[in-house]
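Assemble the complex: chain A is given as a structure, and chain B must be docked to it using the hints.
Here the protein sequences come in this chain order: A and B.
Per the numbering used here, the first sequence starts with residue 1, numbered consecutively.
Per the numbering used here, the second sequence starts with residue 1001, numbered consecutively.
Any given hint could turn out to be false.
Stated by the list, open to error - What follows is a list of derived Cβ distance ranges for each label pair:
#1 Q1112/B / G109/A: 41 to 51 Å
#2 E62/A / N1010/B: 17 to 27 Å
#3 G1090/B / E63/A: 37 to 47 Å
#4 D1080/B / L89/A: 22 to 32 Å
#5 R1052/B / R35/A: 32 to 42 Å
#6 E1006/B / A116/A: 33 to 43 Å
#7 D115/A / T1113/B: 15 to 25 Å
#8 K119/A / D1080/B: 18 to 28 Å
#9 K1069/B / N2/A: 14 to 24 Å
#10 E36/A / N1002/B: 38 to 48 Å
#11 N2/A / N1002/B: 19 to 29 Å
#12 L1004/B / D78/A: 20 to 30 Å
#13 E62/A / D1080/B: 14 to 24 Å
What the hints assert, rightly or not - Where chain A lies over chain B, by a calculated footprint (3+ residues, C-beta under 8 Å):
#14 1038-1050
#15 1059-1068
#16 1083-1090
The hints are simulated quantities; they were obtained by calculation from the structure and are not laboratory data.
Beta carbons: idealized from backbone N, C-alpha and C, even for Gly.
Number of protein chains: 2
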Amino acid sequence: MNWLDEINWNEDGLVPAIAQDHQSGRVLMMAWMNRESLGLTVQENRAIYWSRSRGRLWRKGEESGHVQKLHELRLDCDADVIILMVEQLGGIACHTGRESCFYRLYRDGGWQTVDAVIKDPHAIYKEHTHE
Amino acid sequence: MNWLDEINWNEDGLVPAIAQDHQSGRVLMMAWMNRESLGLTVQENRAIYWSRSRGRLWRKGEESGHVQKLHELRLDCDADVIILMVEQLGGIACHTGRESCFYRLYRDGGWQTVDAVIKDPHAIYKEHTHE
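For reference, chain A alone in the conformation it holds in the complex (with noise of 0.2 Å):
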């Protein structure tokens, strides 16, 4: 069996797929992927997600240049949750231009944003999207 067919893909035949970098073991983000962008994340060796609200794939770093270059893969017991450990080209994953999207901590009843900007977005991309 191949084994992209072993995924338990949801109903809109999309898995997510949390990446997280492969030396300090920080979570960078959750994305999502069907079938083809996994099956083009193995043979480019970088993480391709699909996009859901521009409905195509997402080369990750496309614009941005922060690339993650694929170190492993795994599946979770229920095959319906993926893990990418990634070398982050840019030392940022996210599009606010920080290192990870989850820069805002719960405190006291609220959520604080706790990481810094490492790069403006606006010097990241062309125009302010996703990429």
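Same frame as chain A, but now just chain B:
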């Protein structure tokens, strides 16, 4: 505004929740939370998920004793994914008796089980379920 109102719940009123070991950084599992379960997670300082298969709250460790004590809670840029930094009691998060649910590694065109079972699931659960 209430901190729970800032979350972009999906069409089913859920959000993916990634549980990560607060010391090693290992991703242990991904499950889902609704508004009630996330509120209770903070209130009780332990991971409480929403079980989609059983349609009820799932106090992680309710049967197994493998409670996840909450150390830190983070929200991503789109406010539609959360991370729980947890202390995993018993050192086992997966219903297969492994530390992490992500015990399968992609290698040579297939998924290979690379992590050992720490404890026989039959010794963990009265019935072999996800708790």
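Now for the hints, and whether the structure bears them out:
no.	hint	result
1	Q1112/B / G109/A: 41 to 51 Å	45 Å, holds
2	E62/A / N1010/B: 17 to 27 Å	26 Å, holds
3	G1090/B / E63/A: 37 to 47 Å	44 Å, holds
4	D1080/B / L89/A: 22 to 32 Å	25 Å, holds
5	R1052/B / R35/A: 32 to 42 Å	22 Å, violated
6	E1006/B / A116/A: 33 to 43 Å	21 Å, violated
7	D115/A / T1113/B: 15 to 25 Å	35 Å, violated
8	K119/A / D1080/B: 18 to 28 Å	23 Å, holds
9	K1069/B / N2/A: 14 to 24 Å	40 Å, violated
10	E36/A / N1002/B: 38 to 48 Å	39 Å, holds
11	N2/A / N1002/B: 19 to 29 Å	46 Å, violated
12	L1004/B / D78/A: 20 to 30 Å	26 Å, holds
13	E62/A / D1080/B: 14 to 24 Å	22 Å, holds
14	1038-1050	violated (count 1)
15	1059-1068	violated (count 0)
16	1083-1090	violated (count 1)
Comparing the model with each earlier hint shows violations of hints 5, 6, 7, 9, 11, 14, 15 and 16; every other hint is respected.
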